[in-house]
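Following full-length UniProt numbering, the numbering of the sequence shown begins with 1 at its first residue and continues without gaps.
What the hints contain is simulated information worked out from the structure, not anything from laboratory work.
Please read all numbers here as calculations on a predicted model, not as lab measurements.
There may be inaccurate statements among the hints.
In the DMTMM-like style, the derived pairs of lysine to aspartate or glutamate whose C-alpha atoms are separated by at most 20 Å in a straight line are [claimed, not checked]:
id, residue 1, residue 2
1, K40, D24
2, K49, E85
3, K40, E54
4, K55, E66
5, K49, E83
6, K49, E4
7, K49, D95
8, K40, E50
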Amino acid sequence: FIFEVMDCPDRYRVICGQLQLTGDARLWWNAYWSMRPGEKAGCTWDMLKELIREKYYPTYYRAEMERQFLSVQQGTRTVDEYEREFTRLAAFVPDLVRTEAQRAQRFIDGLYPAVRHNIVGHGTPTYARAVSIAQEVDASIRREAVRDRAQPSAPVQPFTAPPALPAAQPAKEKKRKGKGAQTDRRTRQRQQQVPPCLTCGRLHRGECHMGQDICYYCHEPGHF
Numbered sequence: 001f002i003f004e005v006m007d008c009p010d011r012y013r014v015i016c017g018q019l020q021l022t023g024d025a026r027l028w029w030n031a032y033w034s035m036r037p038g039e040k041a042g043c044t045w046d047m048l049k050e051l052i053r054e055k056y057y058p059t060y061y062r063a064e065m066e067r068q069f070l071s072v073q074q075g076t077r078t079v080d081e082y083e084r085e086f087t088r089l090a091a092f093v094p095d096l097v098r099t100e101a102q103r104a105q106r107f108i109d110g111l112y113p114a115v116r117h118n119i120v121g122h123g124t125p126t127y128a129r130a131v132s133i134a135q136e137v138d139a140s141i142r143r144e145a146v147r148d149r150a151q152p153s154a155p156v157q158p159f160t161a162p163p164a165l166p167a168a169q170p171a172k173e174k175k176r177k178g179k180g181a182q183t184d185r186r187t188r189q190r191q192q193q194v195p196p197c198l199t200c201g202r203l204h205r206g207e208c209h210m211g212q213d214i215c216y217y218c219h220e221p222g223h224f
């Protein structure tokens, strides 16, 4: 950026760029050109950038950073946290965000659904506008969530089991009970109609055979 502002010629950019290399980078740079004597003078600014990119930003690493950038989502983060991560990853994949529209659309695609839907209603905003709208919507959603959690919930009524119903009796048992009740009732009626015998005290009709050699069942003598 400084070179562009100063309108620095290409060959001076290469010289200044080499001076910024230190430590392992300086050792690598010197070793590279020591194996190519006579070629260093032809090194251009674009060549220097490409050599450094191949050395410290290899293809497999670029592919991994591209994968991370394409899969970055807001999730449970705030819009500010998501935007910082988005910007960090975008720096590794400049080809995917060359235009303002590309950058804004990829940012919107990774937003939380409720936030993203609110931005879609604003047409096609710039990247800065998309970030601003997302921040406002996200803050509103979070305030509403906090307010809902603060409201007391309705008390839960304890469960009371209904009283148990009497068990149903089988039809046959009811019938037997009914017959038994009728028999007892007839017996009581007969007992009430026959007066007690003055001799034996029992309930019977006719002559009392107590003290006689007569059978109580057939009322005949001789076999009692």
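- Message: Tell me the hint numbers this structure goes against, listed in increasing order.
- Response: Per hint list: 2, 5 violated.
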